[in-house]
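We have chain A; now place chain B onto it with these hints.
Protein chains in written order, with our numbering: chain A, 1 to 391; chain B, 1 to 291.
None of these hints come from the bench; they were simulated from the model. C-beta: ideal position from N, C-alpha, C; glycine also. Treat each hint with caution, since some may be false.
According to the in silico footprint, chain B covers these stretches of chain A (three or more CB under 8 Å from chain B) [said to hold, decoys possible]: (1) 206 to 212; (2) 367 to 381.
No more than 20 Å apart at the CA atoms, straight line, and that leaves these computed lysine to any residue pairs for SDA-like [unchecked claim]: (3) B/29 - A/323; (4) B/109 - A/56; (5) A/254 - B/241; (6) A/254 - B/239; (7) B/109 - B/89; (8) A/343 - A/387; (9) A/103 - A/173; (10) B/109 - A/168; (11) A/79 - A/62; (12) B/109 - A/195; (13) B/109 - A/152; (14) B/109 - A/55; (15) B/109 - A/189; (16) B/109 - A/122; (17) B/109 - A/89; (18) B/109 - A/117; (19) A/254 - A/56; (20) B/109 - A/155; (21) B/109 - A/147; (22) A/343 - A/306; (23) B/109 - A/80; (24) A/79 - A/55; (25) B/109 - A/103; (26) A/37 - A/56; (27) B/109 - A/254; (28) A/80 - A/113; (29) B/229 - B/289; (30) A/215 - A/61; (31) B/109 - A/151.
Beta-carbon label-pair distances, calculated as ranges [what the hints assert, rightly or not]: (32) B/193 - A/309: 45 to 55 Å; (33) B/45 - A/344: 49 to 59 Å; (34) B/74 - A/237: 24 to 34 Å; (35) A/294 - B/26: 33 to 43 Å; (36) A/309 - B/8: 57 to 67 Å; (37) A/55 - B/144: 39 to 49 Å; (38) A/132 - B/8: 39 to 49 Å.
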Amino acid sequence: MNLHEYQAKELLSRYGIAAPEGRLASSPEEAEMMARKLPGQRFAVKAQVHAGGRGEAGGVRIVDGASAVRQVARELIGKKLVTSNTGPEGRIVRKVYVETAVKPERMLYLAALVDRGAGAVSIIGAREGGGDIEDRVARNPGIIERLLLTPGNNPSPEELRAYVGRLGLAGEIGDRAVTLLTGLVEALYQLDGSLIEINPLAVMPDGSLLALDLKMVIDDNALFRHPEFEPLRDEDELDPIELQAQRHEINYVKLDGNVGVVVNGAGLALATLDLLRDAGGAPANFMDIRTMATSMQIARGLDILMADPRVQAILVNIHGGGLTRCDTVAEAIGMAFRRSGRKLPLIFRAAGNNADFARTVLRNCGVPFTDARDMAEAAERAVAFTRNKAA
Amino acid sequence: MAILVGSDTKVICQGMTGRIGTFYIERAKAYGTKVVAGVRPGKGGQRHLDMPVFDSVAEAVGATGATASIVFVPPASAGNAIIEAIDAEIPLVVCVTERMPTLDMIRVKHRLAGSKTRLVGPNSQGVLAPGRCKIGVMSTVHARPGRIGIASRSASLTSEIVAQTSAAGLGQSTTVGVGGDAVHGMGFAECLDMFMADPETDGVILIGEIGGSEEEQAADYLRAHRPAKPVVALVAGRHAPPERRMGHAGTLTIFGKGDAEGKIDALRSAGAHIAPNAQSVAETMRRALSS
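Just chain A, with the same shape it has in the complex (with noise of 0.2 Å):
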């Protein structure tokens, strides 16, 4: 689960990180009242999305003066915000934190993450920081410094302060420093957090240390543990065919094709999907069903397949095993197929646990399919109908 900017700000301040002083609108009007009750005459304008390189994209506006804020505060909300992260589509930006701007002496890169390679929580840390920083460590890996948690022994100060030091950072601020790193780090293990990073972290003339930006990643899979994060989701910035996917044990995810894909497992998913972009073929989406789903969740997958307009053929790969039948997945598209009324051509490859039985509940259903034997088969398949409709 992502935080916005500002959810992470007012968070990390609980664990004694600091960060200039700001307010959330989300209309011009309430915009610039915010910035009248702020100090300061300069304003940072920041659009809150789920998405990194919103400064390169004009997310981020720095401008003078309250009536300022309102300029641009129109600009922003409401509009779309296309940045390198979002793709294409963008994201709609509903609202705006406005903060103090400040004028730091020094920006470096701090962050806490879950570290897969090595399995432990690592500290990674550049004596520079900013917008274009993956850039710069894709070019200059060096420039990264970390430090490896061990879990259960939080790092003692000497280590921190050690690690502090190869950033640059010494004396009072160092200390300072260590104090940050040391919220940080039991933030990221009190919250369940899978990352977060400070780019930049401000260091201002008088020594103090500012979070300008946060971006905070809760991990999903320990929400259960923290109810009180439930308010803080966001179902504007979740794509709501994905969301609703999930709700029936299916990850979805919308591509830009036309032949619909539904497949179980995200290993066999990808590999359909490479297969059939092989043969010349456009995936219209990616389709995941997942062990547990049962035949009417995964009918509303389908349905929300078979409400793509674009999709001009279905190509369906079950390799059945664990708790998921092929003939579950069988009565699922009989369901889907009677619901829509739409007669798209199916190609249906089965194998594993009932695939000759998930053929018979097909015809069963009166649902016309091409059998294919094998996944290469039908991908070709897939696309031969989808060129001869286009024909």
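Same frame as chain A, but now just chain B:
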């Protein structure tokens, strides 16, 4: 022989009395796996599926001499269940549980280091030595005893490759699902090491996918050890749009790592045979074995 398991492996099940545990343990027994007991705190002394149930792993191991445990415990307590098995010094733990909190797994990883236990999973379909032992939830319809080792990150794609290798007359010595989660127990490199030492395995298939660093670590292993047995690798997700999370939690990339191209390059340059797509994995292995 096979790796990790054999026909005399004695298995206990943590979380056997639940619906899912019951379902799979009945099937594992029917397959011939020597399941000897279940563990469910508070239900010690009862019987389930005609087997004794114990309150703790230590008691179950003491009474039965079990050498493997399969974990079907719900996500909130799966971490502690695995740690209990590690403390009881069980040589093999297979965790099927999906959606375990990542920080719980990090605690588990820490306890695994230097322990006597190997962990497979979580979010794994398990370990299968066809015809001998099934510790998991995988389909066995197309599995046949043979001489190919398979390590994979995805259950249904494994079933697919198992079916292919059986149809090609190769069969499988052991299949291992390392699991789909970001932080997990045994990885590809450890599987490779065991398969290379197994006299009953002639070649190894790695079924990888985008995200994470399993494939890169396998490539490092191959570069360092230059094993004599052929290794065939498939990396699924060549055409997945970047920066999108597709199903497995393990495919979330940080700092741009984990694309298919990078993994394929790393594996190829380390000497692995790359299967061009999921349909031609067994064929790629057949050719690699006869060259």
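| query | Do the alpha carbons of residue 109 of chain B and residue 103 of chain A lie within 20 Å of each other, as the hint requires? | reply | violated, 43 Å
| Verdict for residue 55 of chain A, residue 144 of chain B (Cβ pair) under range 39 to 49 Å | violated, 57 Å
| query | Given the hint that residue 343 of chain A pairs with residue 387 of chain A, does the C-alpha gap stay at or below 20 Å? | reply | Holds - the C-alpha atoms of residue 387 of chain A and residue 343 of chain A are around 17 Å apart, at most 20 Å.
| request: Starting from residue 109 of chain B, check that the Cα of residue 55 of chain A is at most 20 Å away, please. | output: Violated, at about 38 Å.
| Given the proposed pairing of residue 215 of chain A with residue 61 of chain A, does the C-alpha separation stay at or below 20 Å? | holds, 18 Å
| said: Within 33 to 43 Å: is that where the Cβ-Cβ distance between residue 294 of chain A and residue 26 of chain B falls? | reply: At 20 Å between Cβs, range violated.
| request: Would you check the hint for residue 109 of chain B and residue 151 of chain A, treating anything up to 20 Å between C-alpha atoms as holding? | output: holds, 9 Å
| request: Given the hint that residue 109 of chain B pairs with residue 56 of chain A, test it: the Cα-Cα distance must not exceed 20 Å. | output: Violated. Residue 109 of chain B to residue 56 of chain A sits at ~39 Å, over the 20 Å cutoff.
| request: Quickly compare the C-alpha distance for residue 254 of chain A and residue 241 of chain B to 20 Å and report which way the hint goes. | output: holds, 11 Å
| request: Please work out if residue 254 of chain A and residue 239 of chain B have their alpha carbons no farther apart than 20 Å. | output: Holds, at roughly 14 Å.
| said: Against the 20 Å threshold, does the CA-CA distance of residue 109 of chain B and residue 89 of chain A hold or violate the hint? | reply: Roughly 40 Å separates the two Cα atoms, so the pair is violated.
| request: Assess, step by step, whether the Cα of residue 79 of chain A is no farther than 20 Å from the Cα of residue 55 of chain A, and give holds or violated. | output: holds, 15 Å
When held up to the earlier numbered hints, the structure conflicts with 1, 4, 10, 14, 17, 19, 23, 25, 26, 27, 28, 35, 37, 38 and fits the remainder.
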